[in-house]
Structures are given as C-alpha cells and as structure tokens.
Amino acid sequence: MTSVALTQARAAKVSRLWREVKRNWVAYVYISPFYILFAVFGFFPIVFSFYLSFTSWTGYGQMDFRGITNYIELFRDKIFLISFWNTIVIWVAAHVPMILIALALAFILNSGLVKLSRLFQAIYFTPMVTSSVAVAFVFMTMYGVRFGLINYVLTSLGLQPIDWWGGTGFWIKPAIILLFVWRWTGWNMVIYLAGLQGIDAELYDAAKIDGASYPQLFRYIALPLLKPIILFSLILSFVGGITIFDEPYLLTWMQTLGGTNYAGLTMSLYLYTEGFQRGHLGYASAMAYVICFIIVILSAVNIKLFGRPAGSA
Amino acid sequence: MSHIRWIKRISLATLAGIIALSACTPAATPQVITQIVAGTPIVKEVLVTPTTAPQPTEKKLSGEIVIWGWPSADKAFEAIIQGFNQKYPDIKVTWQMNPGMAGGTRDALATALAAGEGAPDISMIEINDIGRFVMQGGLVDLLQPPFNAGKYRDQFVAYKWDQAMSPDGRLLAFPWDIGPASIFYRRDIFKKAGLPDAPEDVAKLFSTWQGYLDAGKKVANPAKNQFWMSNASDIPYIYYAHKNFFDENYNVAVNNPRTKQLLEYALEARKLKFDAKIPTWTQEWYSAIGNGQIATLIIGCWFGGFLKSWIDPQGAGNWGVVPIPEDPLQNWGGSFLAITEQSKNKEAAWAFIEYAMATADAQNRMFVTVDYFPAFKPAWDNPLYMEGDAYFGGENTRALWTKIATSPGKIFTTPMDATAEQAFMSEVVKMLDQNLDPQETLNNAEKAIQDATARDRETLMKMLHKE
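Protein sequence lines, in the order shown, are assigned to chains G and S.
Each residue of the first sequence is one higher than the one before, counting from 88 in this note's numbering.
Each residue of the second sequence is one higher than the one before, counting from 1012 in this note's numbering.
Since the hints were made in silico from the structure, they are not lab data.
Every residue gets a Cβ at the ideal spot worked out from N, C-alpha and C, and that includes glycine.
Just so you know, not all the hints are guaranteed correct.
[Unchecked claim] If you only want the chain G side, here are some residues facing chain S, beta carbon under 8 Å, derived:
hint : residue
1    : Thr145
2    : Gly146
3    : Tyr147
4    : Val232
5    : Phe234
6    : Ala294
7    : Gly298
8    : Tyr301
9    : Asn348
[What the hints assert, rightly or not] Calculated Cβ distances over 12 Å to all of chain S for the following chain G residues:
hint : residue
10   : Ala96
11   : Ala99
12   : Gly154
13   : Ile195
14   : Val201
15   : Pro214
16   : Phe224
17   : Val225
18   : Tyr307
19   : Ile317
20   : Leu318
21   : Asp333
22   : Thr343
23   : Leu352
[What the hints assert, rightly or not] Computed from the model, here is a short list of chain S residues facing chain G with C-beta under 7 Å:
hint : residue
24   : Gln1147
25   : Gly1148
26   : Lys1162
27   : Gln1166
28   : Thr1291
29   : Thr1293
30   : Glu1295
31   : Tyr1297
32   : Ala1327
33   : Met1436
34   : Asp1444
35   : Met1474
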C-alpha cells in the first residue's frame, strides 16, 4: 500500500532524473573526463585494494583469500605499531609549529607592513615546487654527522655536535620534522593568506580606530574569521601528515628501515616497503585501509570539534 | 551568457588535454633516457678478442624485443648491439632505461606483471629484488626448452646462478654481473702510519678481523676526523650480504657463535670510534672518502669504478685492494636478465640473452664499457684480467676479484634474503648505536627475520610442496 506508493513515487523520480540527464547530456559529457579517469585510477584501485586486503597476493598468479588475517597480523606486527607511533609523533610535532608559523607569516604579509609582499610569498612557496632530489641533497648536507652545516655551527659555538642518525634514533624525528616544516609552511601560508584577503579591511580599520594593536587585530579579528580556513587546512594536513612518506624516505633510504631503531619509519614508508619492495600486496593493502580508517575517524572528530568546513554545506 | 561560453571552452580544452595525456602515457612504461653519463672505460677496446661462438645454423629469428633496465646498462647494450645484429640481423633490440634505477624498474615490472600487460620481453632485475620476482612468478623458466639454459651452469659463478633459482628448481633469471667484495684501502695513509702498503703485505695483515682492527689503531684519529672504516656494521653486513640467512630447510640460521664473533668485532670497532658513521651514498660520504678521511672500505668491486670516475678521480696510485678477512668468498651487488611470460618473442629474447650474457666477447665489451664484472667465467680468460690497473698502483685487481668469486666456501641463497637482510641489519645497527649485548641482539635478529619473512616462507613452502 504505502510502500507500493513510495516505490512508484521513487520510480517516477528516477525516470524524471534520467530525462533531465538526457536533456542535458552535453553537460554530462563535459564533466565525464574526471569521472572516467577517477573510475580507472581512483575508484577501481580503492575497491580492488579493499578486496586485496583480505588476500595474500604477490602481484602475480593466484590470490589466496585469508579473511581478516592480514588485519590481525597487522595489529600484532611490532614494526607497524612503531611506525604508527612515529607517524603520530611526527605529525603533531611538525604541525603545531608549522601552522603557527604559517599563520604569523600570512598575517604579516597581509598587514601591508612589508614591502614586496608578492616576492616573499613566492619565496616562501618555493620549497613546495623544489625537486625532492635537490632537497634531499641540501638537507643531507645540513644534517651531516662529521662535516654537516648544523654540526659545524654547533661545534663553532663550543657545543656538542648532534649524532643525527645514531644513538636511540632520537634525532631522526627532528630531522624529518624540520624538513617537513620547511617544505610545507609556505603552502599553508598561501592558504591562510587567501583567507585573510577575504576579510574586509574595514574591520581592521574600525578596530585600529578603537586603538587595537597588531597582536589584538590578529587575535580578535583575523583568527576567528579564519576558523573555517584553518579547519580546511587542518584536514588537508591531517591527510598529508598521516601519509607522510617523502621526508622520511629521502632522509633514511640509505640506512636500515627508517633509520636506527626504526625511528623514522612512518606508516607509509612501511607500507611501501611491504607492498613494493617485498611484494606483500595483500598485507600492504590492509595497512592502507587501516591508515584510511584512521583518517576518516579523525577527520570526523575534527569536523565535530570545529564545525563544518566552509563550503561543504 | 559569456561565462557559460567560457566554461564550455575550458572544459573542451581540458577534455582534449586529458585525452591527449591518457593516450601518450601508458601507465607502466619507463621513460626512455637518451643521454646518460657514460661509465669511464677502464681499458681500450682493442683487447677484446673476437667471438668464437658458433654461428646460428637453426631457423632465422626475427622481430622486435624490448628490454627494461636502468643506466648505465644502455651503454652496455650499445657496446654489443652491433655484434648481436651481425649474428641476428632481423632482430631489432630496443632498450628503455628507468630513471628510478633498480627500484623504479622493479616497480614498473611488478605493475606490468600484475596487470598482465605491458611488460617488456626482457627486464633487468637487481639482486635485492630477485627474490621477490622468483617468488611471485610471471618470468619464464630458462631451464625449459627452447632455452635449455642448464648447459651454461658450470660456466657461471656458482652462487650467482643459485640466486636466480627458485626453491623448486626453476631458473627465473639469467646471471649478469657479480660484485666480489673486498677491502679498498688508502696506500698513502697506510704508509704515513707506518703500516705496510703493498697489497700482499696488507692482505697478510688483514688475514683476520682482529688483524684488521689492530692495524686500525695506528690510523684512526677521530678527533682529527681520520677514520678507519665507513660503518662498523659493514663487518657483519659483508658476511651476510644477500646470503646465508637460512639453512637448507629455510630456517633462520644467524644465531650462531660465528655471527656473534662478527658482531663483537663490529662492536669493538665502534667502541674504538673507528667508524665515520656517515650514511652511505650521501655527499658527505663521497667527500670523506675523496679526502682520505676514511682509510678502508669494505665493499663490492664496482666501487673501483666509482672511485676512478667520480669519488676520487685524482687518486690514482693511492688505493689498493685486498680480500675480506677470514672468509674471502663475499659478494655485494649484481643483477640479472629475465624473460617475461608476456613476451611474444621469447626465442629472440633468449637469443639476445645468450649472446649478451654467455659469450666472452659480449661480456668483456660490456665490462670494458660499464665495469659490470662478468659472472660468466670464460670471459675471464681474456688478457684483460691479467694486467695491472694503474689506478690501483699497478695491482692486478681483476685477477683478485675472479679469485674471490671462486674462493672455496659455502653460500646458500633464498628468495627471502633481501627481507631478512633488512630485519637483520636493523638489529645490528641498533646494537652498535646503543651498545647492546651481541647475544641478545642475535636472539632478537632471529625473531625479527622470522617475523619479516613469515609470509614469504609460507609462499615458499607452498611452492616446494606442490609437486
């Protein structure tokens, strides 16, 4: 009775939708390239690796279905748990300073106090577009144990040089974090700058007339109005931080897995090792899905805490 | 109205761009490099003797074959292609070099094999990746007809051949080059420290690891950045590089007194502050070697080519080479050529491999061009291997390396070695960095290797018990 009516109503709706689609087919053709490419390079791998995560597969020949064994093994894998912890530590320790620096830089560049602000924007953005090979070269030179720039400065000041890759591996994380912050601050700054430029200058002017200082302008005007932008960048950097790969890889590929004591081994680096070097594609897929699950959960928490990001209504 | 026109225009342009993009970049094809830095030829090509290989009497092979690899193999292929085409004028050989080197080639090949399409006829495989491909399949068993590679077995360095064998007795790749390991030392530094510097005397001095460490005491001066060796972990590493992690039943075999002894030597070197502790393959490492701040290096023979061409090109006469103490049969590095099951022209591919890998002429042309040390023993009969090398103060290094490669000793290799090596070295480096107990380290390493290779062991056992 009612369910039949409902079904009919839904069917009518669907056919109406279909008619609409047909009438506007040109528009759909225009948007189709993305969906076709996404289906091939995005959707298919996502579904296929989900299936793979329940199998044992070396990349050729038969796939042995092994249920959730991969997932169970993953949580018993000491090295995976270390890589999980490393990733979290690096993420937090890199993002807190990075976001603060990026916000401060964006505010200063936007304040009009600095001449040539365009030039500075370009300079801060350069690390983003620098070849990773060149970056690794320069940073490995800075982090040199015996003849590195940082150790040279330290010893000139009469301090102890840093044993970057030795000991318990304590200094490997700061090395990765420094490289990460250097690389990504400019990118976050550009996002914040765009947000700041969207704030009406009259608000600042009004506050200035009331006698507000620059720190007060930042604290009471820029920061609250930037909240949605900050949330957006937080989610982006969340995904980027949990999947951090380049920086630890560039700094530790020539050493044992992630450097001494696995200190620089992140989840993505371990995933790459298992999947591509060792050919354990099923296990690596399970790892990928655990990482994905973490991202989804924590992004949801993020949104709950900060409200919906702008433009997602 | 006008903005709709713009949207249409932009989307059309994007559409065209995407189609063009997707049409010209097949996912797994490595970029072809046309220009790379040439390996420095070490001797004149004059010395290469003409081939005495039998002329083909069977049916004429033709077609096109594609080879994947990484630089500087392209130079090696270039050096022999003329000779090959004289024999097989109708086979066109194309090589595509992956800028990602061995790792990039591995990833591209793995992708193409998984996709079931797009693989080359022949691919180079590096020693660290050979186990992975031996386990996964997709490569042709060269012992089967029409290849019948078994006839070459005795002509190759034994361990090299074994590395390409699957546990169930298939030959999945063909041996190319080896990296007989040795100690490279600085003659000038030895002389200054009052140590003997002639290779015969140094070899005597280095007949034991203890002798090697004692000699270091005369040279090492960490306060002045004068180091004895690169990394203390090199001592256990060279003993285990690509081998001997397992016994014949594929059980982990590292927990023994011999390994413990090697770990103790390494620990002693570290405590004496003998090692520079500089990560390998970094600019700092190259500079330290070039400046003579590292007196000895435990490494594969290919390092000689690196020294000559770019680490220490001005250092002629300053370097000498001696075998590894106690167990001279050591190897670091090397690669293989494999034919994929996807190949549509396997016989032509085999003809190429046979010519390039198993004739003395081709092997020596390649050796002269890119320094890939032949695993094919008949190639060593060339006078090339009898003469001294001016860079090494006239020392006959090549004869030394052939001697090292055929030294008596036991080498057992499995497809799990690369993974085992990673797990083992993590524990060794941890021990050195935190001054831990060698026996405890061995217990942990045994467990770590078991854990890391558990999945491969499962696959391997399945492979063995299929018959």
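Against the structure, the hints:
no. : hint    : result
1   : Thr145  : holds (4 Å)
2   : Gly146  : holds (4 Å)
3   : Tyr147  : holds (4 Å)
4   : Val232  : holds (6 Å)
5   : Phe234  : holds (5 Å)
6   : Ala294  : violated (36 Å)
7   : Gly298  : violated (44 Å)
8   : Tyr301  : violated (39 Å)
9   : Asn348  : holds (5 Å)
10  : Ala96   : holds (33 Å)
11  : Ala99   : holds (30 Å)
12  : Gly154  : holds (15 Å)
13  : Ile195  : holds (35 Å)
14  : Val201  : holds (35 Å)
15  : Pro214  : holds (19 Å)
16  : Phe224  : violated (6 Å)
17  : Val225  : violated (9 Å)
18  : Tyr307  : holds (38 Å)
19  : Ile317  : holds (31 Å)
20  : Leu318  : holds (29 Å)
21  : Asp333  : holds (14 Å)
22  : Thr343  : violated (4 Å)
23  : Leu352  : violated (9 Å)
24  : Gln1147 : holds (4 Å)
25  : Gly1148 : holds (5 Å)
26  : Lys1162 : violated (28 Å)
27  : Gln1166 : violated (30 Å)
28  : Thr1291 : holds (5 Å)
29  : Thr1293 : holds (5 Å)
30  : Glu1295 : holds (4 Å)
31  : Tyr1297 : violated (11 Å)
32  : Ala1327 : violated (24 Å)
33  : Met1436 : holds (5 Å)
34  : Asp1444 : holds (5 Å)
35  : Met1474 : violated (11 Å)
In this structure, the hints that do not hold are numbers 6, 7, 8, 16, 17, 22, 23, 26, 27, 31, 32 and 35, in rising order.
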